[in-house]
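With the hints as extra help, turn the sequences into a complete structure.
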Amino acid sequence: MNNFIIYNKVQWLINYSDIYILNSFSKNHMSTKIRIQDNLYDLMENLIKSSVNVGNIRSKYLKEMLVNIYLLDLYIGISLEKKIIKKKRFNSFVNSLNELRKMINSWSMNEKKK
Numbered sequence: 001m002n003n004f005i006i007y008n009k010v011q012w013l014i015n016y017s018d019i020y021i022l023n024s025f026s027k028n029h030m031s032t033k034i035r036i037q038d039n040l041y042d043l044m045e046n047l048i049k050s051s052v053n054v055g056n057i058r059s060k061y062l063k064e065m066l067v068n069i070y071l072l073d074l075y076i077g078i079s080l081e082k083k084i085i086k087k088k089r090f091n092s093f094v095n096s097l098n099e100l101r102k103m104i105n106s107w108s109m110n111e112k113k114k
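Residue numbering for the sequence shown follows my numbering, starting at 1 and increasing by one per position.
Fair warning: there could be bad hints in the mix.
[As the list claims (entries may be wrong)] Below, in silico cross-link-like pairs of lysine-lysine (DSSO-like), each with a Cα-Cα straight-line distance of 27 Å or less:
| no. | residue 1 | residue 2 |
| --- | --- | --- |
| 1 | Lys27 | Lys83 |
| 2 | Lys33 | Lys114 |
| 3 | Lys102 | Lys112 |
| 4 | Lys63 | Lys33 |
| 5 | Lys113 | Lys102 |
Just so you know, the hints here were simulated from the structure itself, not pulled from any lab data.
Computed from a prediction, not measured in an experiment: that's the story for all the values here.
Shown next, in the form of structure tokens:
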């Protein structure tokens with residue numbers, strides 16, 4: 001049940017990015033835009049893979065999800081520094097990433113207890 005909440009959060013993040021973040025990028029900053037898009041969809045793929053698998057394989061995909069989140073945090077920070085996106089949109093994106101990070105960490109801790 002917890003992974004449905006995470007799924008909805010990732011889906012919201014993808015939709016929010018499509019509408020408010022990725023449209024702000026010019027052709028000069030296309031590489032950062034592509035990296036953000038790729039990591040968002042990799043995050044969704046790893047979520048689905050971790051939902052299907054169990055044991056060490058699930059732990060691997062949970063760690064991959066955390067890596068995706070850290071990379072998204074890096075790329076969105078770069079976007080703010082280059083003044084590609086607004087501070088308000090940056091804050092919404094990062095707050096959502098922080099919530100996801102907490103959910104995934106707790107899921108990972110529950111897996112270790114099993």
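Holds or violated: are the alpha carbons of lysine 33 and lysine 114 at most 27 Å from each other? Between lysine 33 and lysine 114 the Cα gap is close to 39 Å, so the pair fails against 27 Å, i.e. violated.
Next pair to validate is lysine 102 with lysine 112; report whether the Cα-Cα distance is within 27 Å. Roughly 15 Å between the alpha carbons, so the hint for lysine 102 and lysine 112 holds.
Hey, lysine 113 versus lysine 102, does the alpha-carbon distance stay inside 27 Å? Roughly 17 Å separates the two Cα atoms, so the pair holds.
Is lysine 63 close enough to lysine 33, meaning Cα to Cα at most 27 Å? holds (23 Å)
Given hint lysine 83 paired with lysine 27 - CA-CA distance at most 27 Å: holds (14 Å)
Checked against the numbered hints given earlier, this structure breaks only hint 2.
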